[in-house]
Amino acid sequence: MTLRAVRTNFPRMETQLGPTSNRFISQRLRLNYVDWGNYGAPPLILQHGGRDHCRSWDWVAEQLRHDWHVICPDLRGHGDSEWSPEGHYGMDAFVYDFAQLVHTLGYEKVTIIAHSLGGNIATRYTGLYPEKVEKLVNIEGLGPPPQIRREMEEKSVGERLRQWVEDKRKASGRTPRKYATRRDAYQRMKTENTFLTDEQARHLTIHGASRNEDGTWSWKFDNYLNVWSASDRPTDEIIALWEAITCPILMLWGKDSFASSPASDGRMDHFPTAQLIEYENAGHWLHHDQLDRFMGDVKTFLG
1 MTLRAVRTNF PRMETQLGPT SNRFISQRLR LNYVDWGNYG APPLILQHGG
51 RDHCRSWDWV AEQLRHDWHV ICPDLRGHGD SEWSPEGHYG MDAFVYDFAQ
101 LVHTLGYEKV TIIAHSLGGN IATRYTGLYP EKVEKLVNIE GLGPPPQIRR
151 EMEEKSVGER LRQWVEDKRK ASGRTPRKYA TRRDAYQRMK TENTFLTDEQ
201 ARHLTIHGAS RNEDGTWSWK FDNYLNVWSA SDRPTDEIIA LWEAITCPIL
251 MLWGKDSFAS SPASDGRMDH FPTAQLIEYE NAGHWLHHDQ LDRFMGDVKT
301 FLG
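Residue numbers for the sequence shown follow full-length UniProt numbering, beginning at 1 and rising by one.
Rather than coming from a laboratory, the hints here were simulated on the basis of the structure.
For clarity, every value in this text was computed on a predicted model and none was experimentally measured.
The beta-carbon is built from N, C-alpha and C at its ideal position, and this holds for glycine as well.
Certain hints may be false.
[To be verified] Below, simulated DSS-like cross-link-like pairs (lysine-lysine); rule was C-alpha separation at most 27 Å, straight line:
1) K168 / K155
2) K109 / K135
3) K155 / K178
[Said to hold, decoys possible] Beta-carbon label-pair distances, calculated as ranges:
4) D265 / K170: 36 to 44 Å
5) G158 / R233: 37 to 45 Å
6) M268 / L291: 19 to 27 Å
7) K170 / D256: 36 to 44 Å
8) S218 / D292: 30 to 38 Å
All chains should be modelled from the sequences, with the hints used to inform the complete structure.
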């Protein structure tokens, strides 16, 4: 085969590749993202939630990659991204990392689909930089419901900081859970989300667990992730970010989820450009629980 033939065929070969792992630097951390190719298409970022990883989007990415340049980042402390040396997982750090990804890749404008913690991050980013976001799909990603936030903010600064210090110390002494086999980790995954099919649970476990030196298996996320920051922005400032959003928003909530619906707790009032769809027979990971319906709604919204 001549060099000319290789150059001619390469673009066609590239479109058939699966997700390719890459790195970018944010606040001195090497953070991972997978790139699904199709570089001439408009950029679409799929952001996972807490204690999850970028490969949980594979089923979604496979259906959208032909029309979009799909990028799936691992948050700091998750998946194949580095852990914060000081265990810093505040929203300010997460939002900066997201902004740094968009900046590093040189995107003028992006479309975003984000879940849970990722939705919280992406929604704040969209309020900070409304000119940078074309459309936003938020899957149960607005943070703690109003009642919980009120209870948190009614505590004094001293109470909040002392609790934060205590929680950080507990996290520092917690040994990551170990599973004798990857099959045991898979069973835990199935127990955690009973809506998952066997194949979904297997895929999420393969990409979400790594082998320890002693041959056991542990989840990839950092234990410090379980400690909520004591320095998050007050509710009125977060609402101001929400109300600064100008792009269309699709909000998706599972009726069997633990997460409070913005339709019932008043948060929808702060999103004049948003529509909300609630899913029957779906929990917090509704994009896994009702994949076909989810893809139909998302494709309609994205156009």
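### Message
For each hint given before, does the structure comply? Return the numbers of the non-compliant ones in rising order.
### Response
The structure conflicts with hints 3, 4, 5 and 7, although it agrees with all the remaining ones.
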